[in-house]
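So you can see what is in the structure, the chains are spelled out below.
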Amino acid sequence: MKIGVFVCHCGSNIEATVDTATVAAAAREFPGVVFATDTMYTCSEPGQDEIVDAIKEHNLDGIVVASCSPRMHEQTFRRTVERAGLNKYLFEMANIREHVSWIGKDREANTNKAVDLVRMASEKLMNNQPLYPKKFTINKRVLIIGGGVAGIQAALDCADGGLEVVMVEKTSTIGGKMAKLDKTFPTVDCSSCILGPRMVDVAQHPNITLYAFSEIEEINGYVGNFEIKVKKKATYVDWDACTGCGICMEKCPSKKATDTFNEEIDFTKAINIPFAQAIPKKAKIDPEFCTMLKKGKCGVCAKVCPSGCIDYEMKDEFITEKVGAIVTATGFDLFDWTVYEEYGGGRYPDVITSLQYERMLSASGPTGGHIKRPSDGKEPKDVVFIQCVGSRDKSVGRPYCTGFCCMYTAKQAILTKDHLPGSQSYVFYMDIRAAGKLYDEFTRRAMEEYDTNYIRGRVSMIYPKGDKLLVRGADTLMGTQVEVDADLVVLAVGAEASKGASKLAEKLRISYDSYGFYMEGHPKLKPVETNTAGVYLAGACQGPKDIPSSVAQGSAAAAKVLGLFSKDQLESDPQVSTVDIKRCIGCGKCIQTCPFGAIKEIDFRGMIKANVIETICQGCGICTSTCPQGAVQLQHSTDNQILSEVNALCQF
Amino acid sequence: MTLVKYLKSTDLKSWLAELAEKNSVFAPRYEGDSVIFAPFDPEQEIYTKSAATVPPKKTVFPQSEKLVDFTYHKDPENPGKTLIDGKEVLPQGTTVVFGGRPCDVRGFSMFDRVYLTKETTDIYYKARRDNTSFITIACEFTESTCFCHWVGSSPSDPIGSDVLAVPVKGGFLLTAVSARGETLLTSKLLLEGKPKVEEAEEVLDKVMENLGKAPDLSKSPGKLLEVFDNMEFWEKVSAKCISCGTCTYLCPTCYCFNITDEIQGLKGSRIRSWDNCMSALFTMEASGHNPRPTKAHRLKNRVGHKFSYYPDLHDGIISCYGCGRCIKSCPAGVDIREIVLKAIEFMPTVVEE
Amino acid sequence: MKFQEELKESIRKALPELDVVIGWCGSFDPLHATPHFIYGEEDIEKLEISPLNVHNLATYLPGMRGKKVGVVVKGCDSRSVVELLQEKLISRDDITIFGFPCTGVIDQSKVKKAIGYVGNVQSCDMSDESLVVVVDDKPHSLKLSEVLAEKCKSCRYPDAIISDYFVGDRIAKKDPAEPNYKELEKFEKLAVSERFGYWLKELDRCIRCYACRSACPLCVCRDHCIAESRDPHWLSQENNVRDKLMFQVIHAYHMAGRCTECGECQRACPVDIPILMLKQKMNKEVLDIFNYEAGVNLKDTPPLLSFKMEEENITEKDW
Amino acid sequence: MPVLEGKELRIVGFLCNWCSYGGADTAGVGRFNQPTDLRIIKVPCSGRIDPLFIVKALMNGADGVLVSGCHPRDCHYSEGNFYARRRLEIMQKFLPILGYEPGRFEYTWVSASEGQRWQQVVTEFTDQIHKLGPAPKIVGPEASDTLSLMQAALK
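As you go down the protein sequences, you meet chains W, U, G and D in turn. For what it's worth, the working numbering labels the leading residue of the first sequence as 1, then goes sequentially. For what it's worth, the working numbering labels the leading residue of the second sequence as 1, then goes sequentially. For what it's worth, the working numbering labels the leading residue of the third sequence as 1, then goes sequentially. For what it's worth, the working numbering labels the leading residue of the fourth sequence as 1, then goes sequentially.
Heads up, some of the hints might be wrong.
As the list claims (entries may be wrong) - Sample of chain W residues facing chain U (criterion: CB under 10 Å; computed from the structure):
hint	residue
1	Arg-119
2	Gly-299
3	Gln-651
Stated by the list, open to error - Within a straight-line C-alpha distance of at most 25 Å, the following computed PhoX-like cross-link-like pairs (lysine-lysine) qualify:
hint	chain 1	residue 1	chain 2	residue 2
4	G	Lys-189	D	Lys-131
5	W	Lys-231	W	Lys-315
6	W	Lys-105	D	Lys-131
To be verified - DEER-style ranges, computed between Cβ atoms:
hint	chain 1	residue 1	chain 2	residue 2	range
7	G	Lys-67	U	Glu-226	23 to 31 Å
8	G	Glu-129	D	Asp-145	43 to 51 Å
9	G	Asp-231	W	His-58	25 to 33 Å
Hints were generated in silico from the structure; no laboratory data involved. Since the structure is predicted, the reported quantities are computational estimates derived from the model, not experimental observations. Glycine included, C-beta positions come from ideal geometry on N, C-alpha and C.
Construct all of the structure, not just a fragment, from the sequences and the given hints.
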């Protein structure tokens, strides 16, 4: 093999702590290496051209690039060598940036380590084989998980693009968190006025199938051909017949059911429709509170329902859907703020969350848009907003900034003044983070036009004082202690990944961070992709996001799906296992351990042999490490390739 | 007049130590529960009672030997240009092997007919063969697996040896059987041997008596060819064979090898290592085709080679000296004598016209 | 043995339906037995059941796929059969199993050690308690318990676990309930450098004949073992102790959770390398971690071919 | 170039592509300083790691081997690390009988986001290997080559 080695300076990123010229010189001594050089930016156009030129000039048939992580630029350089006529698998990368130059300053040790990594890469390369992808047809349907604003956007964009869309929503209505909001910043336009029509579009779009009150049970398959098992949870109401008239809800005698839509500031009925604009507008029974389901007595709803759609015997139902791509838009949930003992830990009824406050502000909410103290129903005069509750706080394990609380707090302060002109709002804040179009202007309006008292500091204690709450905190700008007698305290509770996000990630085989937010393919360049082909992210499941960002990501994910589906066939990754049929003894151990059922028994001249179905194989290599005689080898990670790396490092 | 000397057992180590001054000396000793030939170590007991578990084959034909060491030299001006520099690794120095048995040592005469012919000389083999002398111990006891007398040898067969040592009371009677042997018997530790000659003859007579009568194997070459195509015969006699390499690797006359290159970085070696016709890989072709696909084919080859094909090529000489290790050490109790006799006695069911 | 005739009778009964029955018979001297392939009536008479029947005949079964084979098994051998069935390497329909109560087999190397030289054994008389071996006209009397194979001393499965014909009276399952790893535990207490040195010294005399592998009933790769292949190229053909030891680790690891400790690897070794200890170590850990013993239950899956989401006995390092 | 004499020991890492290799990248992006001894071999999944690679590395002269994969339940291939855990655990328990100290080989789980954890794992493992010192090495073809060296070292 004739190998060319390119050692990248990455500007000073690598060169500062690795002597790349020495690495290149050492590489020239390696077996098979006929050309080695150091380059400024190998990934740049001139850098790539240098590779192409060297391949032609020196007749190279294998390339090693020592630069950044293969997760960054392996695809880039594979395309480069392909451009020069080489098979793209005759290429290896040595990661001398993330794994060398960025993690240590000892230039001698770094250079030495870089030489080792290049040696490993070139030794492995000598065992590489050209690989060729296979084509397979794809199922041009897309699954959207989550019916919040990001999911809605993705669904509508895909559907408008002509794709069949399956949307699965956990609760009984789509709309997500946005549907709970009263107004949106910085325009203060009505949330349900802008979201409502999009929700209706979802319901009416001929290309969209909506499964509300449903969850993902199982995901099998791979990009282009996923098979999804959807669990339709029992609603005890035949939704095909239900007209959403609401009589059942009106007549239901069980009035103490948990109202999750209204953030539990009020109760709902055991049979309920979450809100007037719900999509689908269908009733469901909450079995925890239904006397009929619990004790077998009652049956009022069944009696009053004009379309006879109540079915107390209903069971969960499972449906299989086949799709080619998946967009996850599972959103966020609020941090459990009751861990803050200093805010009363949930003991004071007049300390509420920002989302509860939204429901209170909303004309369609339980208070009809009137701000009332939960304790006594009185209108508050002094309202204190506390920011960064479960955000930017290492002590509760939430060091990140949720990012949109500053803005909605300003909005809520403004709305408070609109609702109660005689009121006074106070905002305890750490910093005002209002980066965004018209955002900073908006917070200034809250301060300047709405006379909100912004106090820079943390609240150290809230305790009851008569029928008021004494809020004590620091004003770090003034350097003084501040005490406010508040009628109502609103906590700007931070966002965290929605409950069950990690379980879903396991089904999707995507990664998530320690907070449960899904990992994007690349923090900058692949914001809506994941490392699993055919699975995309939209909205706050990837990290806290406000509405415009969530919508933008919904559209971006849709664009990715439409792009993926613009071809009729996909190329399968050829880094799959193959069986050396002569060496296979047909013991079936690989079949037993393959997580994908990608290996099947075949009859070969009367003998049992294993056979890998290439399009199903995902390339994990469990079979290879299971096969005792090494007859099944994962291409591009064969035993000999890994052994060559081991041997390059450990030479007795 | 042959040179005869008497060596007291108590002087054995001192004598070997003298020999070890100018030669590398190998002698049998216990390693675990086995007796193997190892470099002479005065601190270890030398085992002389019976044949070693492993014959001294490796002293002339190592289990694995480097034929060539090679290095790739890269042109510093043009790394695309590589010069390969290879050097034969020829064994150096002289070796004395003490304590082999006649069957062990005579085995090399089989090798000679293959490695040292008029047409070709294997330089590696020759270098060791020429520089290795054998002080062979004649057998005082016979074992139930011994059959040297079936195949034209005997417990005191001197062929291939330089000195023959016959166990007598208190020591050995050493007889030089080659010119090189005489040079080995110059030590002052050695006493006059003539008084012991008679005793030695008695020892050897008694052994021959114990061995009993040998069957006539002269028909084996022809008979084995007759059953060549009778796979049922071979399947039955090979049924218990487990296809390991014990018989061939312990055999003093098995001389087959494999050649592989082992390379690390810019350096490598070409290696010759023992190969084993009981293994399917022995005849495996690159295409995947194997002309000896089953153990029946392979055992047929081993028996056939020793008792038919080799004698056909080399004046009827059977390529086995009856040491019996293949029987004694076979994990499955395959007995080559039994197979040969079965072939000789084999009567085809269809009588010829 | 009392039930030898009964066994012959069972074989006689079953043979017409079978291609062959594998048992044992006498070998080159009275101290040795050898596997015996019974094709017809004339072969049945030669069958002998004795403590010399060391060979695990299950070794032959995977290579005879497709044939109707009868096999006589000791208790320990039957575990190999169970393991082979469990891994679907043989088909139950093709195998007829003859079991008998086994009181243990003789370890030839112990006999050799006790007597010193056993080149010419003239006779060997065995009773329940002892054996008298005559070598070169000199009788040597040995207690059976002294020369019994180690595995037999702590045998917990003297009767075949699985059989179609069982002759003789079953011996109840013996104590102890757990395998005996005393020798191993003693070895484990040595200093690391002593352990390291031990294996180098022992493996040094390995002649790479791979009898250990060929005799192993569960080494089913046979002609395709990675010991000799170039792709994958795990071992070189150089004569070095590193590769010799590496092979033993490969064997032990490939046996992990499958090895029934029949000891054939060590018995087959022509130069008596104590390699069984490596398998015992693997088994001891398998028992510890997975509470698993190979070849006792047809429905089991070898532990390395399965997993649990929560592993009760694996405590990972806390960083 | 071998290890830096006196400064470094030879530590080989096998990391799965999806989680731990990414975690090591994340540590790099975060500029989390680490000892320089470790050399990483990337494999698609911890389930791809034949424990015999670890033995091979040690017998060929590695002083320590570190394996890292996705956290249990987070495997990109859903089950790879479950198989890996069993196989790696058994090999870890086995190695001491060959004369390799416990601690020469460790395995752990690091996700793509856990740059800091990766830094900690590398630092701690490197430290652990330095405390153990160089692993026993097999030199030369014959056992005596190594044994005599070992004896010399004891004197």
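Violating hint indices (sorted, rising) | 2
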